[in-house]
Amino acid sequence: MSTPTVWDVVHHAAREDQRVVFIGSDLNPTILSGMRTELPGQFFMEGIQEQNVIGMAAGMALEGARPVVSTISTFLTRRCFEQILIDIALHELPVVLLGTGPGVAYHHFGPTHCAVDDLALLRTVPGLTLLSPKSMAEAAALTDQAVRAGVFAYLRVPRYEPAPIAADLEPPVLGRAVRIRDGHDATIVALGSLTPNALVAAEALAAEGLSVAVEHVHTVRPLDPDLIARVSQSPVVVTVEEHLRDGGLGTELLHHLADAACGTGRMPRFLRLGLETRFVSGYGTWEDAIAEAGLDTAGIATAVRTVTRPLEIPAADTAAVAAPATVAPATVALKGSPR
Amino acid sequence: MISTQAPLDERSLALRRTALASLVATGGGHVGGSFSAMEIMRALYDTVATHDPADPADPGRDRVILSKGHACLAQYTLLADHGYLDPAELATVGKRGSRLGGHPERGLVPGVECSTGALGHGLSLGLGMALQLRRRGSTGRVFVVLGDGELGEGSVWEAAMSASHHRLANLSVLVDLNTLQSAGPTREILDPGSPAARFAAFGWNTAEVDGHDPQALAKTLQAPRAEPERPLAVICHTVKGRGLDLAENVPTWHYRIGFTEPELESLWRSLGADQTAQPDSPVSGSQQEADA
Numbered sequence: 001m002s003t004p005t006v007w008d009v010v011h012h013a014a015r016e017d018q019r020v021v022f023i024g025s026d027l028n029p030t031i032l033s034g035m036r037t038e039l040p041g042q043f044f045m046e047g048i049q050e051q052n053v054i055g056m057a058a059g060m061a062l063e064g065a066r067p068v069v070s071t072i073s074t075f076l077t078r079r080c081f082e083q084i085l086i087d088i089a090l091h092e093l094p095v096v097l098l099g100t101g102p103g104v105a106y107h108h109f110g111p112t113h114c115a116v117d118d119l120a121l122l123r124t125v126p127g128l129t130l131l132s133p134k135s136m137a138e139a140a141a142l143t144d145q146a147v148r149a150g151v152f153a154y155l156r157v158p159r160y161e162p163a164p165i166a167a168d169l170e171p172p173v174l175g176r177a178v179r180i181r182d183g184h185d186a187t188i189v190a191l192g193s194l195t196p197n198a199l200v201a202a203e204a205l206a207a208e209g210l211s212v213a214v215e216h217v218h219t220v221r222p223l224d225p226d227l228i229a230r231v232s233q234s235p236v237v238v239t240v241e242e243h244l245r246d247g248g249l250g251t252e253l254l255h256h257l258a259d260a261a262c263g264t265g266r267m268p269r270f271l272r273l274g275l276e277t278r279f280v281s282g283y284g285t286w287e288d289a290i291a292e293a294g295l296d297t298a299g300i301a302t303a304v305r306t307v308t309r310p311l312e313i314p315a316a317d318t319a320a321v322a323a324p325a326t327v328a329p330a331t332v333a334l335k336g337s338p339r
Numbered sequence: 001m002i003s004t005q006a007p008l009d010e011r012s013l014a015l016r017r018t019a020l021a022s023l024v025a026t027g028g029g030h031v032g033g034s035f036s037a038m039e040i041m042r043a044l045y046d047t048v049a050t051h052d053p054a055d056p057a058d059p060g061r062d063r064v065i066l067s068k069g070h071a072c073l074a075q076y077t078l079l080a081d082h083g084y085l086d087p088a089e090l091a092t093v094g095k096r097g098s099r100l101g102g103h104p105e106r107g108l109v110p111g112v113e114c115s116t117g118a119l120g121h122g123l124s125l126g127l128g129m130a131l132q133l134r135r136r137g138s139t140g141r142v143f144v145v146l147g148d149g150e151l152g153e154g155s156v157w158e159a160a161m162s163a164s165h166h167r168l169a170n171l172s173v174l175v176d177l178n179t180l181q182s183a184g185p186t187r188e189i190l191d192p193g194s195p196a197a198r199f200a201a202f203g204w205n206t207a208e209v210d211g212h213d214p215q216a217l218a219k220t221l222q223a224p225r226a227e228p229e230r231p232l233a234v235i236c237h238t239v240k241g242r243g244l245d246l247a248e249n250v251p252t253w254h255y256r257i258g259f260t261e262p263e264l265e266s267l268w269r270s271l272g273a274d275q276t277a278q279p280d281s282p283v284s285g286s287q288q289e290a291d292a
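Sequence lines, in order, name chains A and Y.
One point on numbering: in full-length UniProt numbering, the residue at position 164 of the first sequence is 164, and numbering is uninterrupted.
One point on numbering: in full-length UniProt numbering, the residue at position 127 of the second sequence is 127, and numbering is uninterrupted.
These are computed hints drawn from the structure, not numbers from a lab.
A quick note: this is a predicted structure, and the numbers were derived from the prediction, not measured.
Be a bit skeptical, because a hint or two may be false.
Claimed, not checked - For each label pair, taking beta carbons as the anchor points, the in silico distance ranges come out as:
| no. | chain 1 | residue 1 | chain 2 | residue 2 | range |
| --- | --- | --- | --- | --- | --- |
| 1 | A | E82 | Y | G97 | 22 to 32 Å |
| 2 | A | G64 | Y | E263 | 39 to 49 Å |
| 3 | A | S281 | Y | I257 | 44 to 54 Å |
| 4 | Y | H165 | A | A206 | 56 to 66 Å |
| 5 | A | T112 | Y | E265 | 56 to 66 Å |
| 6 | A | E287 | Y | G203 | 45 to 55 Å |
For each residue, glycine too, the CB sits at the ideal point set by N, CA and C.
Can you build the whole structure from these sequences, using the hints too?
In structure tokens, the structure reads:
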């Protein structure tokens, strides 16, 4: 039997629970075609009207439905932001949003279709669980947990299947990060799609004598408190995500660590890797966009190598203490400069 | 042209006195839209909608959504009159510790079905509720009150298209066509043309009525429809600030903070009371309509 997809999960959940309905916005007719035939009363393929689709889902949920809504990530998050915030969040409703083509999966379609800001936008929505799994199998498991528990969630549906990693062996648990490699010199905290790149980079660095841990994160909000506790012990933390450097996993973790540091006075050297806040330029493959942003294996390894260099702080020169934080980003930013 | 000039009956005046007392106690609010929508809310709560103040969550109830949430004073006034709220709470709108906000919130205010305030949301919420009620085999109906300025929101027309497509006969819209929005006359700001023609073009049943005549409103909402499987849009011709001589059709009375003594004298006099009078209890709604 093939690995279940998020669509299989929705179909199965709808079969078991009449409250579960699927609402798509002008999706490919092959998506959930079986559910459309078998459960027509629970299948709604709506037009190109994201604001109405979200309001409609919220209205159905107010009357007891458990809607799962899907369309392309950029349209699902940008155009109907207020509906997500007011209609769903303010009413505290169990709606699951499945964004397709997240991150730079649609690099070839250009900036209108690159959802590199979805997490930043949605981080401000109260009560929303933010999910960015690395594989379809992980996405399916998390969707199943969210739908069954009636969680208000946004999930990035992966478009590509990465090579399997050891962490695939353990079923994912909503809200839990997974430590997939131990290390004491630095910790890479990788989000979903970039965990495989982070793991390969850590293995390459090990050959150079750097001991680098890797944490795999699929739940950006609420961020696993155990993850925060673990990485706060690391001398260096590098976050890696298929998203803007600002506003995603790196920002989320940074805020938590800064809050914790108020009590402990201890803050790891912290580097956020991701895309710069500008439109993704040019066209090409997912790999092209990832390499351009310095998020490929080589880019991640270079960044970690740079940020783990010993600090050169002259004694009693307090002004220099603030400087190291800017060293690494300035170096790696060259990777993402405009062409 | 629909006349909106028939005199207000005693119940409408009494409801307005209750609302004015709230405005005076709280220092101001959205006067114009609340007073234009008073008979729309009255017709719904007094006559048309099935509801039970003793059981606001009754699954078989009809749902009333005030999409133009800034007119919540009209809704609060009717909810208090029907026993959902203690009338004394009307003196606390927008104040610390109150459950009555400047826009209505579900979960805080019994009888409020949806939290509104950002315009252009109520019709999509209403159509989703109507869809799910139909799925559940419920006879419950959904009534959504929109402002005419709100018709500028594109989401209203997304929902209008969708409701017609889904043949939601259990969904009705009431447009409070008071012809003014915050910035001025809607015709000058963003001309809604003929809302009836526009809803008809989207596949809706439509009707036009004097929005200050509760009997006509009820009759229109209860009349057989030309297309029984389609939703209904009732265009309610109203006067913004209706009943208050100083406020009627005056854009600056969309929202007011504070009233001068001469203004207060005029406002109370418009409603057949002097300034020193305590707000009276409106005549019982359902009884009044039954007698009519």
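> Checked against the structure, which of the hints given earlier come out wrong?
Replying inline: none
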